[in-house]
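*Asks:* Residue numbers (my numbering), protein chains in the order written: chain A, 1 to 211; chain B, 212 to 422; chain C, 423 to 633; chain D, 634 to 844; chain E, 845 to 1055; chain F, 1056 to 1266; chain G, 1267 to 1477; chain H, 1478 to 1688.
Check before you lean on any hint, since a few could be wrong.
One-sided and incomplete, this derived list gives chain D residues near chain C with beta-carbon spacing under 8 Å [as the list claims (entries may be wrong)]:
| hint | residue |
| --- | --- |
| 1 | A646 |
| 2 | S648 |
| 3 | Q651 |
| 4 | L747 |
| 5 | G793 |
A few chain F residues that don't get close to chain H, going by computed Cβ distances all over 12 Å [as the list claims (entries may be wrong)]:
| hint | residue |
| --- | --- |
| 6 | V1064 |
| 7 | I1077 |
| 8 | E1103 |
| 9 | D1243 |
Coverage of chain H stretches by chain G, computed from C-beta distances (three or more under 8 Å per stretch; other residues unrestricted) [as the list claims (entries may be wrong)]:
| hint | stretch |
| --- | --- |
| 10 | 1509-1522 |
| 11 | 1529-1536 |
| 12 | 1649-1663 |
Hints are computed from structural coordinates only; laboratory data are not their basis. Here the structure is a predicted model, which is why all the values come from computation and not from measurement. Ideal Cβ placement from N, Cα and C applies to all residues, glycine included.
Below, each chain spelled out in residue letters.
8 protein chains.
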Amino acid sequence: TRTGLPEAVLCGAKSAGQLADIVAAARARGARLLLTRLEPASFAALDETARAGLAYDPLSRTAVLGGEVALAEAHVAVVAAGTSDLPVAREAVQTLAFNGQDARLIADVGVAGLWRLMERIEEIRACRVVIAVAGMEGALFSVLGGLVSAPVIAVPTSVGYGVAEGGRAALTSALASCAPGVVAVNIDNGYGAACAALKMLGVAAPGDRGA
Amino acid sequence: TRTGLPEAVLCGAKSAGQLADIVAAARARGARLLLTRLEPASFAALDETARAGLAYDPLSRTAVLGGEVALAEAHVAVVAAGTSDLPVAREAVQTLAFNGQDARLIADVGVAGLWRLMERIEEIRACRVVIAVAGMEGALFSVLGGLVSAPVIAVPTSVGYGVAEGGRAALTSALASCAPGVVAVNIDNGYGAACAALKMLGVAAPGDRGA
Amino acid sequence: TRTGLPEAVLCGAKSAGQLADIVAAARARGARLLLTRLEPASFAALDETARAGLAYDPLSRTAVLGGEVALAEAHVAVVAAGTSDLPVAREAVQTLAFNGQDARLIADVGVAGLWRLMERIEEIRACRVVIAVAGMEGALFSVLGGLVSAPVIAVPTSVGYGVAEGGRAALTSALASCAPGVVAVNIDNGYGAACAALKMLGVAAPGDRGA
Amino acid sequence: TRTGLPEAVLCGAKSAGQLADIVAAARARGARLLLTRLEPASFAALDETARAGLAYDPLSRTAVLGGEVALAEAHVAVVAAGTSDLPVAREAVQTLAFNGQDARLIADVGVAGLWRLMERIEEIRACRVVIAVAGMEGALFSVLGGLVSAPVIAVPTSVGYGVAEGGRAALTSALASCAPGVVAVNIDNGYGAACAALKMLGVAAPGDRGA
Amino acid sequence: TRTGLPEAVLCGAKSAGQLADIVAAARARGARLLLTRLEPASFAALDETARAGLAYDPLSRTAVLGGEVALAEAHVAVVAAGTSDLPVAREAVQTLAFNGQDARLIADVGVAGLWRLMERIEEIRACRVVIAVAGMEGALFSVLGGLVSAPVIAVPTSVGYGVAEGGRAALTSALASCAPGVVAVNIDNGYGAACAALKMLGVAAPGDRGA
Amino acid sequence: TRTGLPEAVLCGAKSAGQLADIVAAARARGARLLLTRLEPASFAALDETARAGLAYDPLSRTAVLGGEVALAEAHVAVVAAGTSDLPVAREAVQTLAFNGQDARLIADVGVAGLWRLMERIEEIRACRVVIAVAGMEGALFSVLGGLVSAPVIAVPTSVGYGVAEGGRAALTSALASCAPGVVAVNIDNGYGAACAALKMLGVAAPGDRGA
Amino acid sequence: TRTGLPEAVLCGAKSAGQLADIVAAARARGARLLLTRLEPASFAALDETARAGLAYDPLSRTAVLGGEVALAEAHVAVVAAGTSDLPVAREAVQTLAFNGQDARLIADVGVAGLWRLMERIEEIRACRVVIAVAGMEGALFSVLGGLVSAPVIAVPTSVGYGVAEGGRAALTSALASCAPGVVAVNIDNGYGAACAALKMLGVAAPGDRGA
Amino acid sequence: TRTGLPEAVLCGAKSAGQLADIVAAARARGARLLLTRLEPASFAALDETARAGLAYDPLSRTAVLGGEVALAEAHVAVVAAGTSDLPVAREAVQTLAFNGQDARLIADVGVAGLWRLMERIEEIRACRVVIAVAGMEGALFSVLGGLVSAPVIAVPTSVGYGVAEGGRAALTSALASCAPGVVAVNIDNGYGAACAALKMLGVAAPGDRGA
Ligand SMILES: Nc1ncnc2c1ncn2[C@@H]1O[C@H](COP(=O)(O)O)[C@@H](O)[C@H]1O
Ligand SMILES: Nc1ncnc2c1ncn2[C@@H]1O[C@H](COP(=O)(O)O)[C@@H](O)[C@H]1O
Ligand SMILES: Nc1ncnc2c1ncn2[C@@H]1O[C@H](COP(=O)(O)O)[C@@H](O)[C@H]1O
Ligand SMILES: Nc1ncnc2c1ncn2[C@@H]1O[C@H](COP(=O)(O)O)[C@@H](O)[C@H]1O
Ligand SMILES: [Mg+2]
Ligand SMILES: [Mg+2]
Ligand SMILES: [Mg+2]
Ligand SMILES: [Mg+2]
Ligand SMILES: [Mg+2]
Ligand SMILES: [Mg+2]
Ligand SMILES: [Mg+2]
Ligand SMILES: [Mg+2]
């Protein structure tokens, strides 16, 4: 693409046939490819040729064609509030790895148990970008935003029920945060948060990004 | 009333004439009275007889007829996130005072500056009921809910703009809180939170409450 | 936890493998455990070792590891409007029992048949905390709030269709109640209401709760 | 009109000039006229000729041209929850009176003080149609719907704040009512409720209504 | 019940066991019973004893225990906009029949083909109450409200997609109708509309209704 | 502009100074200019030079600089439901006139009085494009859509209260219309509807439109 | 119909039996018929007689009875942002073809890759009506609206997740577009957009359309 | 603060007295201070001492105490769609300047006139962070996101009417953007966008930021 980001395939609404075609085409031209929102059932429905060579991660529902690349040391912290937020957090981690960035995944540090977050705060503060992943009421975004000087990218998740169902409550908390400098992406959009982090890491050297 | 709570007058939608009548009637029968949501302009519009004897507090827009009562030591902490939340916090304090309960007001401890909250947390933990007052994203409710063993009554305020306008974001955070045992009242309802606190303080001695 | 409440496991978004691990770990350290939102299918999917020792209640979808404890006499009334509200009401009862509190369950007293509620009102008034569980329009919350002096914790349920679908109508009724002192928790959150009730019962003796 | 109901003029969005024209035209052809939503300022802005002959009621913001008619005995009860609901309740009463129906106005019987409603319930049960007017959470609609056999027309009012602001909470309660046979009109629509009541009273004799 | 309406059983959220118990109990005491929202699968899941004696109508998902009663001549018109609205329209018809009222069902007269409605308008105008059933944008409610002098009870249906999904668009049209005297019930609530119609038909003789 | 439409100035959020500059600049280069949403107060606040040469229409809040052009015979019908919808209807008429198109304004034909619409339906059917303007429940859009073969552009207005407040109810009716071929523009957007009509009239001769 | 548009059958909520009846009836009278929203499973459930003679297109879920007609040269461009929008785009194409209009389908030109749209813009500008189909944030509508002089009919699709789920985000973008002359139809309503386009193409010769 | 960002004063809900106190205190300790949302009327209401030394900018409603600092060359582009978006755009520029960052303001490049944006795209691409400011449908965010490799911070504005009123439409477009790497802040939050940009510019040198 013209923004320096490798385009990914959002598989959700595509048929097995369409996906097989896309994978075959990428293979033919020797391209690496990231597939997101690839449900286990959809992965299983691919023909064997398509499946071969795809490294599939069922937790994050991502797959990579074309193998791994060497990873830079961890500049990005991916901080998840609860176990239920892990699929989205891991989508971010996979997207970063696909683009050569190792990420530090710090899980189960929701604010209802503030001391657990405090035990790991220095580890987080050592990173250049922080991706925060939380559902329910999303209080984690504001607490982190007030504690670290790096940019905090909030990824609200659809984890929750009642007023929190679907992720709107967490999204609203991110946008209304009283901690300045928190930015937000769409609900469950771990991929988008990683793309934004990649753009931010590129900030130091804008000259070398083509279009 | 039949619940042991002295009934208050919600002045918002009442005319100066109606309010003057209510005050005069209470006076005639020697009753104490709490007036809420009494805007400065509405107070000024009352005739002098009505105004005399009313102790008016412009910050919380409350007035008391019938004088003060002796206050019990502070069992309730009223914790406010920011300066803009003070009118609502003070409505709760005034309602408690009207009912003989001194409250400890702890202000400007929003989570964007977590250390300020931590400096006063023991003071809060010493109380039997905590009323938390916050607008914007309302992250304070979850942080407090995870730190104190007393019941936390969340009062979302209408302080905020954009997605936080009107108080829905803070309300949703209170209800979706990942900290168990947080309960909520309506937006800006400092009066109702104080009533709930009074009911909770009465829990130890249910026998002596009439109807 | 630091609030004196035993932490519960919200099973909804966890896999059979994750749940089995959690149960095994608790068992190994001899801990009691409360599991909520454990669907019959998820319970059935657990291996036999995990299932053994779990007391499972399909109506409330809760399970208890580690056996029962002696119950204190009933200080809490759990009042349900209709039969469809029973699963949520029972989640509250089970959480209270897990924490040693017997609760008085009073069912099918919705306000469309007001006389049924009136027949049992003295029984309710004898309790120190009232948990009210209702879907549809949630009129029960205000009626109870006006009749009892104990705190009323409203649990709106997702029972209903059309404008009541998902529980927002009942939730709004709880928050907008004209009866002072009603507090609310999230839709279908019987667990949270019970936690709040436990905190309220602890009010009389704050000194002895650790963190 | 072709439905047997005298058409009314909704004044809200009309200029003083337009209103004066409408009144003059009705006068010229000797017609009676009901004006609704006529704010005091708009009434005052009318020229003296237009004002003369108009019987203006500032509480309900209605005006009648052409004088009163003889009233039938009260077949309709208009039941209002609080003082703030009186303007809407009175719009219904005025519309009924304009059409020759006396109504019984029963005020300040909100469910937070259920005994006040119970003291007047027989009076209400004696009527052929009940118009119930309430804001906040609108619990009155369900309580009445379960107690009377006449049709209950719910008029939600915009009285309230926070989640109740604008009247949606009360409207939803009316529509989601667990009491069968409650019907609803738009928020603050006392006029429409009265029109519906008039149509219902006509039910016994459908033959003689023209179009 | 105390309103003269036979109580019906809303089956949606009840288990086969609970339903079988209810039917058996009614049978034991020789009572007639109306069951609504009884899905074909739920009906099939009942034991043979429960199914015997139930007259089941799959289109409206209603069942009647205790046989038919003699029907009064048609005083109620049930007017449906499209074929997809028929299940809800028929729920109203069945409820009326259970209570001894024959209804005139007039289908497929949506306003996109206004001439079809006009061909049957006199038939509708001959009735004492009109129940109008429509989804999508619900324009039928206003057109009927302007053409007939009988009360019009609008039943919005959840038929529609996009902005009409779930029935809110049709409901809003009913409430905002520019035709005075239209009243509304909840989305898909054919049962409630029939109950309201029954109450209206009783208007002529209020004295003989017990409680 | 590159679409063949003369760009208009939306004055709402511009200061008197900014508006005066824009008018002066247009004048200097001899351009014609259409100003919309120019409140009487804003027009009055312009300096005399700016006001001179502007033909101001207070009803529609539009102003034209540069004089009138010859008008083509009426190809467009602008149909308004009520008097309160006239400002928006007239904004459409003024925009069409500015672009050389005479429009036929047909007012006060809301569906609550269907016969009034029917009396003028042939006049409407003679036009090549129909702009329908309505607030409240917007039933007019569907009725017109089912009766005319020309494209119907629905302009919902913010006229209404309660559920109709702000125009969402009418907008939803336009989009959910069961009459195929109805298209919608934003609430109160008479200008946009006229622009769309101009584009449609240009359809017959696409070749001669530049960019 | 009276608008010159052949009526289509919306199959979504109809049973296999009802659909078979409709097809048989059309066949008996030799009519052509367009069926929309006919899911593959519903098509398969039809009896063989009904299926024979139906030309079924699974991508758009449409079927045609009665064979093809000769197509006029392409006057309509159907422009789709992404692959996931193709089913809706194709519903429009099929509806146009059923009515004798060939359409130019231009796919995968979403604005995130603006240069792809620019490569095909002249092809689009050559058409007399443009149907734009997009989900997510719907930015395509405004970009097209600013570049072409033909009318642009926006069809928002339900493609998206989080805040875009269900199509509201794209719909809002269409209605709020800063490009004058964009009109919108309901979410996923490819059929309706094609009907509107047909009406617009008829504009040049209004005389010959019957009713 | 502990994040390296100078804390600003949000003046909206503060009284003249409170603001004067804050300014005096900052002055006493020789601190620089940024005041946002300071309405002209509130500025005028300050006493002369408070006003002296404050550099007030009425367009953005910001004020600076303590004078200017030297500005680094422009690393941030602030891109505004229309004139009405300028106050918010300028709030971002002022916040950046207060922190020593010159910003390049590029105005009036909304997508309805795409060529205007294209004329300035290289200037934008030369920056390390892009702040995009737009109301209405916010299509600018996606177009920019697809054209530049720097991070794009979307600031939706409350500019718009009808469905765009209040800024939700633009916010939703930012979050649902099909261009990866776009992040969003709250509606009208120019201050927050600038804070996020400052954090991003600090990314290259995380070591030297204290807490
Ligand atoms: N600030 C307040 N917020 C909510 N409810 C209130 C408030 N002040 C008074 N009330 C309640 O409103 C009732 C007064 O209603 P009214 O009879 O209209 O004066 C009292 O009985 C209180 O329960
Ligand atoms: N039914 C429930 N509803 C709401 N919260 C619950 C429920 N059950 C457990 N929880 C809370 O959710 C937390 C468990 O989250 P997790 O760490 O994901 O298992 C517990 O600490 C409880 O505070
Ligand atoms: N207060 C009211 N609320 C709702 N509708 C009203 C009201 N007053 C009058 N109307 C209706 O609005 C119509 C008047 O509209 P207009 O022609 O604009 O005066 C009347 O025919 C009534 O049906
Ligand atoms: N895909 C579609 N989306 C919207 N409306 C449709 C669609 N297909 C058919 N229709 C309309 O729905 C009507 C058919 O409704 P019905 O009588 O229920 O089959 C037709 O007259 C069309 O106007
Ligand atoms: Mg957790
Ligand atoms: Mg603060
Ligand atoms: Mg019941
Ligand atoms: Mg009252
Ligand atoms: Mg139909
Ligand atoms: Mg009218
Ligand atoms: Mg694409
Ligand atoms: Mg512009």
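*Asks:* Now tell me, hint by hint, if it's right for this structure.
*Replies:* Here is what the structure says about each hint:
1. A646: violated (28 Å)
2. S648: violated (36 Å)
3. Q651: This interface hint is violated because 36 Å lies over the 8 Å limit.
4. L747: This hint holds: L747 of chain D lies near chain C, its Cβ roughly 6 Å from the closest one there, short of 8 Å.
5. G793: holds (6 Å)
6. V1064: V1064 of chain F not clear of chain H: closest Cβ-Cβ about 10 Å, inside 12 Å.
7. I1077: I1077 of chain F not clear of chain H: closest Cβ-Cβ about 9 Å, inside 12 Å.
8. E1103: holds (24 Å)
9. D1243: Violated: least Cβ distance 6 Å, not greater than 12 Å.
10. 1509-1522: violated (count 0)
11. 1529-1536: violated (count 0)
12. 1649-1663: holds (count 9)
The structure is inconsistent with the numbered hints 1, 2, 3, 6, 7, 9, 10, 11, although it conforms to all the rest.
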